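Starting from the known structure of chain A, arrange chain B on it as the hints suggest.
As given, the protein sequences belong to chains A and B, one line each in that order.
Each residue of the first sequence is one higher than the one before, counting from 1 in UniProt numbering.
Each residue of the second sequence is one higher than the one before, counting from 1 in UniProt numbering.
Be a bit skeptical, because a hint or two may be false.
[What the hints assert, rightly or not] Each pair of labels, with its calculated beta carbon distance range:
(1) A/Val167 / B/Lys62: 26 to 34 angstroms
(2) B/Asp231 / A/Ser66: 24 to 32 angstroms
(3) A/Thr153 / B/Phe146: 33 to 41 angstroms
(4) B/Leu50 / A/Arg170: 35 to 43 angstroms
(5) A/Thr106 / B/Gly155: 25 to 33 angstroms
(6) A/Lys17 / B/Gly155: 27 to 35 angstroms
(7) B/Ala95 / A/Pro45: 48 to 56 angstroms
[Unchecked claim] Keeping only pairs whose Cα atoms sit at most 25 angstroms apart, straight-line, the calculated SDA-like set for lysine to any residue is:
(8) A/Lys88 / B/Thr153
(9) B/Lys194 / A/Asp94
(10) B/Lys174 / A/Thr96
(11) A/Lys88 / B/Gly190
(12) A/Lys88 / B/Ser178
(13) A/Lys62 / B/Ser178
(14) A/Lys174 / B/Thr153
(15) A/Lys194 / A/Ala152
(16) B/Lys176 / A/Leu120
(17) B/Lys174 / A/Lys194
(18) A/Lys174 / B/Ser184
(19) A/Lys176 / B/Thr59
(20) B/Lys174 / B/Pro125
(21) B/Lys176 / A/Glu116
(22) A/Lys52 / A/Thr96
Rather than coming from a laboratory, the hints here were simulated on the basis of the structure.
Computed from a prediction, not measured in an experiment: that's the story for all the values here.
Every residue gets a Cβ at the ideal spot worked out from N, C-alpha and C, and that includes glycine.
2 protein chains.
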Amino acid sequence: MSNAIIFYDIPSTLPHKAWSANTWKARLALNYKGIPYNTVWLEYPEIEPLSKKLGALPTRNKPDGSPLYTLPLIHDLSTGTVLSDSDKIAVYLDATYPDTPRLMPTGTVGMHFAFEDAVLALLFPLWRYLNTPTHAILNPASEAYFRTVQEATFGMKVEEMNPIGDVDAREWQKVKDSFGRMDSWIRANGQGIKYFMGDSHCYADLWLSAYLVSVKLVLPEKWEEMKLWHDGRWARLSESVAKYETVR
Amino acid sequence: MSNAIIFYDIPSTLPHKAWSANTWKARLALNYKGIPYNTVWLEYPEIEPLSKKLGALPTRNKPDGSPLYTLPLIHDLSTGTVLSDSDKIAVYLDATYPDTPRLMPTGTVGMHFAFEDAVLALLFPLWRYLNTPTHAILNPASEAYFRTVQEATFGMKVEEMNPIGDVDAREWQKVKDSFGRMDSWIRANGQGIKYFMGDSHCYADLWLSAYLVSVKLVLPEKWEEMKLWHDGRWARLSESVAKYETVR
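Bound-form chain A, shown alone (with noise of 0.2 angstroms):
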């Protein structure tokens, strides 16, 4: 099985290049479960192309109704299989790899849908935090794709994104109101329990972690507020999964 897993992942300009909060869902999922691969990297205009050659599915459509492919996308040389989407690629490894620990308990990949959409809306406020610096560490190649893509979402330059002021106390104050609302999810699992279905981890658990690896890279200061957040609950959670932020 050594290497059987290529792994497609945008590039940066970091010393590690791994930066996208969804294609660190794949990965943390990957290194959580000890499956070997090797990354590839592909500057966005790369993508399509290289999807379309492999027979990867798109995962969602443009705004103009044309399939967008998109990264995280793997490509298992020992059952052939090429997929894409972070949520596609957590069930089929642990249905692929039944031998290594579980992303999803039995019973629970639906709930875990249900959970990340919840927790996409609470998110919301967090990009306009995250676009800014992140535009700043992409490849030429790349820059442009996702100051296009951005600048359509938020009617805005990429450059001005980031709250400042006023501004960013309000915004600020959502994103915070946001992870107390995930905090009072474990909270109502119990006293003491530590993450979003007990003491041990599941998918939920890396998967917001992926966010939370994107915040660390590029939005330092406010990662140094936000592990103060919540009795420290997502310094802890970010402790505990420092080890499978490996790049392989």
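Below, chain B alone, put in the same frame as chain A:
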């Protein structure tokens, strides 16, 4: 343990009186677990004084910041516990009556709470449909309260909320899309899987079914359409839960 729990609910003019999706969540949970209870009916203006008398906590705040007391509320005479909020009641019943069928499988309380946040957002388009016919079945002592709250929320007369014509076509499609999203979560569990956590009920199934009970009661024509959605998914869910829809 016979009749050890007093269950407080809001009556309507319907033969079985029960109509509220929120109280149905707790009643379905009690019936699913087979825990005996007796219903005591409270009109809206009676909820706050009775809650205070029993020592129940408010479940949230009114728009003016003052505490809001809500049903369901249970008084478990065997333990002395007084508890409002359907989620807290479900967690309490699982903890206090471990020999009855479990509502939330071990480790899934937090995931259930995330599920509920996701579904509440998806169900938002349904309220306008439910409010007009619900208002019409309330007793005089409750209808004024219901009118005040709903009209403040939606900015329109309760008699005018029910979408008609083009608005109906647009809003009902939103409701269908929301159920399509939930259908996608269940399908992610695997081929032929029936419910949110597999082929056995969990609290998520009962929780959504509480809204289906409301739809069946006050929107029977819309329910006929809904039964055909997603290969009959919701008709089968409703049939599977029907045995818990008794009012004691």
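Hints, one by one, checked against the model:
Evaluation of the 26 to 34 angstroms hint for A/Val167 and B/Lys62 yields a pass: the beta carbon distance comes to about 29 angstroms. In this structure the supplied range 24 to 32 angstroms holds for B/Asp231 paired with A/Ser66, their Cβ-Cβ distance being about 29 angstroms. The hinted window of 33 to 41 angstroms between A/Thr153 and B/Phe146 holds, with their beta carbons roughly 39 angstroms apart. For the pair B/Leu50 and A/Arg170, the supplied restraint of 35 to 43 angstroms holds, since their beta-carbon distance comes to about 39 angstroms.
Between A/Thr106 and B/Gly155 the CB atoms are about 46 angstroms apart, so this pair departs from the stated range of 25 to 33 angstroms. As the Cβ distance of A/Lys17 to B/Gly155 is approximately 51 angstroms, the hint placing it in 27 to 35 angstroms is violated. Judged by the Cβ atoms, the range 48 to 56 angstroms given for B/Ala95 and A/Pro45 holds: they are separated by roughly 55 angstroms. For a cut-off of 25 angstroms, the pair hint linking A/Lys88 to B/Thr153 is broken: about 39 angstroms separates their Cα positions.
Between B/Lys194 and A/Asp94 the alpha-carbon distance is near 20 angstroms, which keeps this suggested pair within the 25 angstroms criterion. Annotation: proposed proximity of B/Lys174 to A/Thr96 is violated, straight-line Cα distance about 36 angstroms (limit 25 angstroms). Between A/Lys88 and B/Gly190, the direct Cα distance comes to roughly 12 angstroms. Compliance with the 25 angstroms bound is thereby established for this hinted pair. The straight-line distance between the Cα atoms of A/Lys88 and B/Ser178 is roughly 21 angstroms, inside the 25 angstroms bound, and the hint therefore holds.
A hinted pair counts as satisfied when its Cα atoms are at most 25 angstroms apart, and A/Lys62 with B/Ser178 qualifies at roughly 21 angstroms. Pair hint A/Lys174 plus B/Thr153 holds up; C-alpha atoms about 22 angstroms apart against a cutoff of 25 angstroms. As the CA atoms of A/Lys194 and A/Ala152 are separated by approximately 38 angstroms, the hinted pair breaks the 25 angstroms bound. As the CA atoms of B/Lys176 and A/Leu120 are separated by approximately 21 angstroms, the hinted pair is consistent with the 25 angstroms bound.
Of the supplied pair hints, the one linking B/Lys174 and A/Lys194 is violated, its CA atoms being roughly 36 angstroms apart against a limit of 25 angstroms. Simply put, A/Lys174 and B/Ser184 have alpha-carbon atoms about 29 angstroms apart, too far for the 25 angstroms limit, and the pair is violated. Between A/Lys176 and B/Thr59 the alpha-carbon distance is near 22 angstroms, which keeps this suggested pair within the 25 angstroms criterion. The suggested pairing of B/Lys174 with B/Pro125 holds, with an alpha-carbon distance near 6 angstroms, which does not exceed 25 angstroms.
This hinted pair checks out: B/Lys176 and A/Glu116 have alpha carbons roughly 20 angstroms apart, not beyond 25 angstroms. Taking the CA atoms of A/Lys52 and A/Thr96, the gap is about 24 angstroms. The hint holds against a cut of 25 angstroms.
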